[in-house]
Amino acid sequence: MTGVVIVGGGHAGYQCADSLRRAGYDGEITLVDGEGHLPYQRPPLSKSHLLNDTGEEALLFRTQSYYDDHNIGLKLGHRVTAIHRADKQVELDNGETLGYDKLVLATGAKLRQLDLPGAALNGVGYIKSLDDIRYIQSHLNQTEDTVIIGGGFIALEFASTAAKLGKKVTVLVRGQRILANAVTPELSQYMLDIHHQHGVDIRFGAEVDHIADDGNGNVEAVRLKDGTLLPAQLVLAGIGVTADTELAVEAKLLCHDGVVVDAQCRTNDPDIFAAGDSARYNNPFTGSEIRLESVQNAVDQAKVIAQVIAGQDAEYHSVPWFWSDQYDIKLQMVGIHDGYTHFYQRGSQEDDKFSLFFFRDDRLIAIHTVNRPADHMAGRKLITAGVSPTQQQIEDAGFKLNSLVKK
Amino acid sequence: MPTVNYVSFDGQSTQLELAEGMTIMQGAVMNGVEGIEGECSGSCACATCHCYVDDAWLAKLPEMSENEDEMLDDTASERKPNSRLSCQIKATAELDGIVIHMPEEQE
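If you read the protein sequences in the order shown, they are chains A and B. So in full-length UniProt numbering, spot 23 of the first sequence is number 23, and the numbers just go up one at a time. So in full-length UniProt numbering, spot 78 of the second sequence is number 78, and the numbers just go up one at a time.
Please note that the accuracy of each hint is not assured.
No more than 30 Å apart at the CA atoms, straight line, and that leaves these computed lysine-lysine pairs for DSSO-like [as the list claims (entries may be wrong)]:
id: 1; chain 1: A; residue 1: Lys75; chain 2: A; residue 2: Lys167
id: 2; chain 1: A; residue 1: Lys225; chain 2: A; residue 2: Lys88
id: 3; chain 1: A; residue 1: Lys381; chain 2: A; residue 2: Lys400
id: 4; chain 1: A; residue 1: Lys128; chain 2: B; residue 2: Lys60
id: 5; chain 1: B; residue 1: Lys80; chain 2: A; residue 2: Lys164
id: 6; chain 1: B; residue 1: Lys80; chain 2: A; residue 2: Lys400
id: 7; chain 1: A; residue 1: Lys225; chain 2: A; residue 2: Lys381
id: 8; chain 1: B; residue 1: Lys90; chain 2: A; residue 2: Lys167
id: 9; chain 1: A; residue 1: Lys167; chain 2: A; residue 2: Lys128
id: 10; chain 1: B; residue 1: Lys90; chain 2: A; residue 2: Lys164
id: 11; chain 1: B; residue 1: Lys60; chain 2: A; residue 2: Lys381
Calculated from the structure, these hints are not laboratory results.
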C-alpha cells in the first residue's frame with residue numbers, strides 16, 4: 001500500500017487528512033494514532049469540557065462515517081514504532097508495516113511528568129488526552145481540595161474550571177508570576193487578580209517536596225519544601241510539554257527541540273513532512289526558528305502540507321494566534337511579543353475589556369486582548385499585512401482598526 | 001432530537017438530527033457538512049463558523065454575547081442582520097427545524 005501516512009490524530013493530523021481530500025488528493029490516506037479514540041479536539045479538555053453536559057461526542061472532529069465516506073483509513077490504538085526511510089515504510093506496534101509515498105509526522109507533544117515522591121499516587125493527574133480528563137473526572141466527585149502544580153495556560157484553565165465546579169483550588173507556581181512565558185507582567189497581574197476574585201489561592205516561589213499518601217495509595221496532601229501542608233484529593237500537574245520527536249530522531253531526521261521543517265513544512269527528507277507542536281520552523285514574523293504549541297499552528301501547517309502533497313503551491317507564513325478561556329475572560333494573543341520595545345493600551349482594565357498592542361520600534365508585532373475579540377481579529381489582519389496603527393488610533397477605542405486593512 | 005437544516009452557499013440542503021445541547025457548528029463539522037469550519041472548537045475565538053440564520057428563527061435564538069457581536073465584525077463573508085456564529089447556538093427543542101444558510105467563505 002502507498003499513499004499518505006499520517007502519524008498522529010490531533011489537530012494537525014486530522015486537519016491534514018481532511019485538507020488532503022479537500023485539495024483533491026485521491027490516493028490512499030491512513031491516519032495512525034496510538035490513543036484508540038476517533039480523532040478529537042483537545043482545547044476543550046482544560047476549558048469547557050468538564051463544565052458541559054454534551055459529553056465526549058462533542059469533542060470529536062468527525063464521526064466514523066466521515067472517514068468512511070472520504071476513504072480515510074484509521075489505525076487507532078496503534079503506535080508507529082519506527083520509520084524505515086530507505087523502504088518508505090512505517091512499522092506499527094502490532095508488527096504491521098505501512099508503505100508511504102509521503103509521510104506526515106503530527107506526533108505532537110509529550111507531557112512533562114512530575115518527578116517527586118508521591119507522583120504515582122491515585123489522584124495525581126495531567127491534562128492532555130481524553131483518557132487524562134476521564135481520570136480527572138473520575139476523581140472530581142470525591143474532591144473538595146485540589147492542588148494545581150504549574151502556572152501556565154493548562155494549569156490556570158483547570159484552576160478556573162475547578163473553581164467553577166466549587167472546589168477549593170490552590171495553584172503552586174515555581175516562579176514569581178503566572179503565564180510568565182506567554183504574557184507580560186501587566187497581564188499576569190491582571191489575570192492573578194481575576195483568579196483571586198474567584199477564590200483561587202495562588203502561591204509563588206512554591207517548591208513541592210512530596211505528595212502525601214493517605215495510607216491506601218491515594219493522594220491526601222501536598223507538602224511544600226517550606227513545610228506547608230496543603231490537603232488535596234486531586235493534584236493536577238500542568239508543567240508543560242516537550243516536542244515528541246522520538247520517531248524523527250531515530251529516523252535520523254534533522255531535529256533540535258522539534259523536527260526541523262522548511263516553509264513547505266518538509267523535513268530534510270523530501271517525502272517526510274512535520275506539522276504542529278513537534279515541528280520547528282523559521283517564522284517570518286520573528287525572523288527566528290520557533291516551535292509553537294497551538295491550534296492555529298497545527299491547523300495551518302497541516303493545510304500547507306496537504307496542498308503541497310496535492311501538487312499545489314503553498315508556504316506556511318501565517319501569523320501565530322492563541323487563546324485561553326478562564327472564567328468569563330477570553331484572552332486572545334496574536335503575533336509574538338518577544339523583544340517588544342513598548343506597548344499601548346486600548347480599552348480599560350476596570351471594564352475587563354482591554355488590549356495591549358506591542359511594538360518593536362515602530363512595528364506592531366503582537367496584540368494581547370482581554371474580552372476584545374474585534375481587536376484580535378483586526379490584529380491578525382494588521383500583523384499579516386505589516387500595517388502598524390498609530391498610538392492615537394490604538395487609544396481611540398472608537399477607531400475601527402480593521403479599516404486600516406482592506407478585506 | 002432537534003433537526004437542523006443546513007443550506008450550502010450553492011443551495012444544497014442537508015438535514016441532521018442533533019443531540020440536544022450540541023451546537024449547530026459541532027453538528028455540521030462532525031458530520032462533514034461543508035461550509036462551516038469551527039477551528040477553535042467552539043470557543044468563539046476564530047469566526048470560522050459564521051452562518052446566516054433563517055429569519056423565521058432569529059427571534060428564538062439566545063441573545064448574542066458582546067464577544068460574538070465583536071467577532072462577527074470580522075468574518076470572511078459579509079455580516080448581515082441574521083449573521084451568527086454557529087458555535088454559540090445550541091440545538092434545542094425550541095429550535096427544532098431551524099434553517100441555517102452558509103456563507104460563501106469562512107477564511
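Evaluated hints:
Using a Cα cut-off of 30 Å, the hinted pair Lys75/A and Lys167/A is violated, with the two alpha carbons roughly 39 Å apart. Of the supplied pair hints, the one linking Lys225/A and Lys88/A is violated, its CA atoms being roughly 51 Å apart against a limit of 30 Å. Between Lys381/A and Lys400/A, the direct Cα distance comes to roughly 13 Å. Compliance with the 30 Å bound is thereby established for this hinted pair. Only pairs whose Cα atoms come within 30 Å are accepted, and Lys128/A paired with Lys60/B is rejected, the gap being roughly 37 Å.
Straight-line distance between C-alpha atoms of Lys80/B and Lys164/A comes to about 35 Å, which puts the hinted pair past the 30 Å bound. At roughly 18 Å between alpha-carbon atoms, Lys80/B and Lys400/A fall within 30 Å of each other, so this suggested pair holds. As the CA atoms of Lys225/A and Lys381/A are separated by approximately 48 Å, the hinted pair breaks the 30 Å bound. Our distance criterion of 30 Å between C-alpha atoms is met by Lys90/B and Lys167/A, whose separation comes to about 27 Å.
Between the alpha carbons of Lys167/A and Lys128/A the distance comes to roughly 21 Å, so the proposed pair stays at or under 30 Å and holds. The hinted pair formed by Lys90/B and Lys164/A meets the criterion: a straight-line CA distance of about 21 Å does not exceed 30 Å. Taken as a hint, the Lys60/B and Lys381/A pair is broken in the structure, with Cα atoms around 34 Å apart against an allowance of 30 Å.
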